[in-house]
Amino acid sequence: MYPIDTSRTDLAREFKKNPFGPHSAELQRILNRMRWEPLKGKFVLVCTKPHKEWILAELPGERGKPITMHHDQVFTSLADAEWVVFKRRWKRITGQELAVD
Amino acid sequence: MAGFITGYSDRISVRPGETIKFMVSTQGVESYDATIVRVICGDDGPQSPGYKVEPLKTSVDGRYKARFQSIHAGSYAIMPPSPLIDGLTSFTAQAMVMPTLPAKPWQVVMGKWVEPSECGFVVYIDDKGQFCTGIGDGKGGTCFLRSGRPVHAGRWYLVAAAFDVASGTLRLWQEPQDVYPGHDAVAVETTTKVRVGARADLPFLIGAWSEDGRADGGTVGAHFNGRIDDPILSRRALDRAGILALRHGPLPRTIAPDVVAAWDFAADMMSDRIRDASPNRLDGRLVNLPTRAVRDSLWTGEALDWKQAPGHYGAIHFHDSDLYDCGWQADFTLTVPAGARSGFYAARLFADGIEEHIPFWIRPPAGTTTAKLCFLVSTASYMAYANPHFGTGRYSELIGGAFSVLTRADVFLNNHPEYGLSCYDMHSDGSGVSITSRLRPILNMRPRGPLWEYNADTHVTDWLEARGIAYDVLTDEDLHTEGVAAIAPYACVMTGTHPEYDTKEMLDALDAYKERGGRFIYLGANGFYWRVAYHRELPGVMELRRAEDGSRAWAAEPGEYYMSFTGEYGGMWRRSGRPPQRMAGTGFVAQGFDLSSYYRRLPASHDPRAAWIFDGVGADERIGDFGILGGGAAGWELDWYDVTNGSPPHALVVARSEGHTANYQVVNEEVLFNYPFLGGDANDMVRADMVFYETSKGGAVFSTSSIAWGGALFHNRYDNNVSCITENVVRRFCDPTPFPPPR
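Quick mapping for you: the protein sequence lines, in order, are chains A and B. No gaps in the numbering here: position 80 of the first sequence is 79 in numbering that gives the first Met the number 0, and each next residue is one more. No gaps in the numbering here: position 13 of the second sequence is 12 in numbering that gives the first Met the number 0, and each next residue is one more.
Because the hints were derived from the structure by calculation, they are not lab data. There may be inaccurate statements among the hints.
[As the list claims (entries may be wrong)] With a cut-off of at most 27 Å between alpha-carbon atoms, the simulated BS3-like pairs for lysine-lysine come out as follows:
hint	chain 1	residue 1	chain 2	residue 2
1	A	Lys-15	A	Lys-51
2	A	Lys-51	B	Lys-127
3	B	Lys-51	A	Lys-48
4	A	Lys-48	A	Lys-15
5	A	Lys-15	A	Lys-39
6	B	Lys-371	B	Lys-103
7	B	Lys-127	A	Lys-64
8	B	Lys-127	A	Lys-39
9	B	Lys-192	B	Lys-127
10	A	Lys-39	B	Lys-103
11	B	Lys-192	B	Lys-503
12	B	Lys-103	A	Lys-64
The shape of chain B in the complex, shown without the other chains:
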């Protein structure tokens, strides 16, 4: 394996005077050189403006000793060592369990167990796909008991293991909740002279076992894939009646004194904490953010919102592919120097021909702006797409219209599953990835990467620089945190090419900005589409539920449309009553990824309200029949004007694309019954509608409605009609002269 350098930062948005830490891991290199660069264009392709960065002299400049830092993917719950658990000689460990990948050998449901020394007790799935239990004294003495019957994926089981030290009896129950022929309850038992090893410093884990015996969890393994609900630990060996009595509390009085812990996964749902409902309060925490607010074994379908029936959502879905925070040590820290211009930046690392960029953004000093234009960086969307596995996945070719061409990053991510997944991937067990973090290296949020999101957006920054248009940057996270105050000082806010993912706070801020007379340029398509939530306590992590419908890589399970981080209904903004057409006049209608096309002006483009947009553009010119992305300015994803979905009736559709290929298909939320002419070669819904409209208080909105628009700005050294139209709009929108309301 060739050497590599990867890294991430603790923050992505900083102001002069603030500090940002960079965490780096390497393989195969002794040292690396680091500099800070301002990123102007990340596209290094032959048709592109070229890779352009400007060095920023900082204290970071220098050579650093390289080191490898590991990533431990896989979620679990950890309870700190407790005398109440340490002192157990007899026990009953029980839970409702839904395995989702039972074919994978060695998955732990729960236990206090160190694998190398086989000390403690544990409930697990073995290499035969059956529930098992084991006890070990840590001195070579072990006793393992297997159910003898493989379990089925996606079915709930009552699983219980009980050990009575006096008789040496170890029992195991495996009781499917869906009973059908060949899928029956099993109870097995054995006797042993082995005793549960007494180690006083071991944590109790749910969903993994300890591999190094460290009290803080240390290195763990045998991650569980599936759902666990109602885990309960008792201090004596219960019989079946006792086990059943403990299910779904309240704890029966006759048994309650023997209950060591009864974890209620429905409590503190919006946090990474788990609560012990017993008086012992053996509370714990979750590592690597497994999915909460999922249906448990009691779910009936009567309640579809976990907030309405938390007791039906008391399960946690663990995955061996969950990853939140790599937790690496910082290798260097930057204090942003005074005078650093706002913009896209990166720590650029070099070693032995290997290059890495760790991106971040610099804002103007607090309370100031340095431009009339604010470029809103779609960092929420960058996170949704973080470390995708498109090239090795199913859909790349089907919607891409070309044979798959994998990048080096695709190959790296395939070979390094520990780097985590994007919201376009499935977990190991096939369930959708609903949580994405930026506290890990994100290989496609980098210069020189694929021309999608980050790199496609640098076509826009490159154009702004080339045309001498001053701009400040603001990340989605900033807008989410600070609200409209973050953008209020600007004459104009402009998006990147694909601002697809938004929190409620972000949309509220943008709506308020527009209502107060702000000017808004939507320089892309399929924006304001998915509703997402940032975690309220944990930095750098975002949740998404792909609910109901929409163009999506996976579908949320029934009853799991409400997000765990905030309790908000997830899915498309359209299904929450805020379709994208209400934000910027147009909304997602079609996508395809083979060839792009061009626009033609419509009669409304000659209306005096909008004619200025086309100053310098002929009446019959094809607009954008060129470009880096598919050879045209109208492509990849397209939006249309649709009054029924909230496009303002007074808006002007000033240009419309045409001539799209059959690979472009109308998105499924615009199709009720499928029919055999949904392609761009046959259906005029496949189009980008370029829209302009005035808002109250002298504001205005302009939307290009195509992701490929930005890729056409550079054509003919920026001398082209896409560049001309964009510049006409940006300069007019930065001019404070109010837009008169249409008559």
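Isolated chain A, as found in the complex:
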């Protein structure tokens, strides 16, 4: 499994600047690692108002169980929301907060 180098905040900044890609090969490897995370507890977004509002959520990992909605994490920009998912997954995988605002 590809280890995320927590010193590579430059790659995190690249994602923040351009969340929808295309991404550099190095950033792509981080994203691949993040996407390979198990379903249970995986941070995702739920679109609550089409094209206008997104909420941070966590998958239950099992169909029929409730999706955990983080109602304090509401976004009106999908790019902002993607950045928060990136940071949450970074922390879950590396155990360290991503020190990039």
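Based on these hints, arrange chain B on the given structure of chain A.
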């Protein structure tokens, strides 16, 4: 939970004068308003043409009282009440059983049992994952017997329960057919004064128990997940030798008179009926279409086609997530008014800020056409994708190239598993979903939904309307049922963006149409890919076996590549000798879902045979470096020209896409050994080949080979080179002047 409105219709394709019923269920609203609308564009996104519908004045217009209608997912077999079963005081109930989800508590193999009153007899798996049996007198007296040993998922067991009323002895056998240390046969017994309750109006169920004691099945529960084979019911308590003697008939003479029923699940395989092979003929029927034509406990691998060895395919795979027909009551009915234009339509329902669309299609009056162009609506593909669980599943992110963004429909479907699954999902037990029905609300076959299949296809209808091109619509089901006659009157037939699923009847009709000089536009990609079958007796339901290979959400089990509905070999059309390249010149080669790209013209685009396609397009223009789907006209799924797979040698590859991202990967059926440069950034197989060729009798075919093409039509208010090329082709293809054969 917020309120909702959902619904479906009994038919999806109607003509003026015909009627269609709409079934609606609501929660949290008192009433709703209904109108009929013609759907022009279902994409309401910020970059889109916008949500566009036109009201059609009909007798449906009005306010309706809201009501909740329930869905009971989960398959089972039901035998109507019979005196032969009602009169049982002693019994033996036996079957070969393969549990696939034994960790789920309370799953019934078979019995005549009402759960609340605990009346009758039953064989089941309990909350310890072991086989059990129980009898109850319905007056509080019960006796339950457990094997004491949990079973393993995916293994066959002989399971038998026997009760002798004279001695009060209840016995249970649990005998694994795969024996290994710690996985041995178990036989247990007990004695009891309890007797089997005598209730004369109870059905005998396989795969569930009754929860309300109704003779017609009513509400059932404790659905079984797994396979059941050779269920046999006898009127006395057999010993082990007798039980073994009954396995796999013919019924021994010494026991035959005591056999009440011996159901042969291999009989009537293509139907929803199950046959009792005993002289008593206690035949039954299946509810919610469990999977038939699956391997049973005798399967050896010598026969791979159930038709060649039905006796090796005598099992039925039940799932608690099977769903065929919701069976709701109709809330309103539409008789299509005379003069209603052919097109996409929907019943549009409103209540308290909640909106729902129930889609259907109107054809021209019988025997007439109202346009030269026929838009073939990919309803078979819409059904394959019906109610998918992509957002909560594994593959969404892996192939999507982005973090998952769930829609409200995704959340609803996660919270309401009773709405059933798509052919991209797994059942509760992990087995692939091979049967899909439209007799249930389909939340992604709607305007305002994801830009895939239905909604992506409305980019095309929007463009046709905007460009003033008249068209009739025809659904896949119509084409399947009526054959080439349904399209023969049209100068040109055009597909939507992703006609992925086809029956043999559909391909035969399209081939015949082309051979007779018809013009065919394939306005998408990954079409004509999977072979599917509609049920021959039951409406609105389709089967798919994801056999051999292909880009697929699950893999059919070995020996289960032949469909139960028709006996046809399932899987990719390519593996049945009809690769998509033979249908429209190109076939699936790569997919990715992050960013789309553009095409460049190739020298063949200047050949006089095809140069007219590019009238108004510069020689060096990038074609479709814009669009709603990924920002380009070449994207999502891509097809290539490949003579070895049937692309016509005389076809012209007039343009080719380039510059795809690493997220685009060559599909697995084009890769023998994997290698580390299958992405669009490194492999030139990742491309869309735009193809034109003439057919016999003055016909022609044009293929864009990209799903994202339709999403680029609207760019710059339809003034762009994708729109220009499409219009050049549509108008020329609708012109009856024959295409001369190439010299």
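Verification of the hints:
{"no.": "1", "hint": "Lys-15(A) with Lys-51(A)", "in the structure": "19 Å, holds"}
{"no.": "2", "hint": "Lys-51(A) with Lys-127(B)", "in the structure": "48 Å, violated"}
{"no.": "3", "hint": "Lys-51(B) with Lys-48(A)", "in the structure": "19 Å, holds"}
{"no.": "4", "hint": "Lys-48(A) with Lys-15(A)", "in the structure": "23 Å, holds"}
{"no.": "5", "hint": "Lys-15(A) with Lys-39(A)", "in the structure": "25 Å, holds"}
{"no.": "6", "hint": "Lys-371(B) with Lys-103(B)", "in the structure": "56 Å, violated"}
{"no.": "7", "hint": "Lys-127(B) with Lys-64(A)", "in the structure": "22 Å, holds"}
{"no.": "8", "hint": "Lys-127(B) with Lys-39(A)", "in the structure": "25 Å, holds"}
{"no.": "9", "hint": "Lys-192(B) with Lys-127(B)", "in the structure": "26 Å, holds"}
{"no.": "10", "hint": "Lys-39(A) with Lys-103(B)", "in the structure": "19 Å, holds"}
{"no.": "11", "hint": "Lys-192(B) with Lys-503(B)", "in the structure": "60 Å, violated"}
{"no.": "12", "hint": "Lys-103(B) with Lys-64(A)", "in the structure": "15 Å, holds"}
Comparing the model with each numbered hint stated earlier shows that hints 2, 6 and 11 do not hold.
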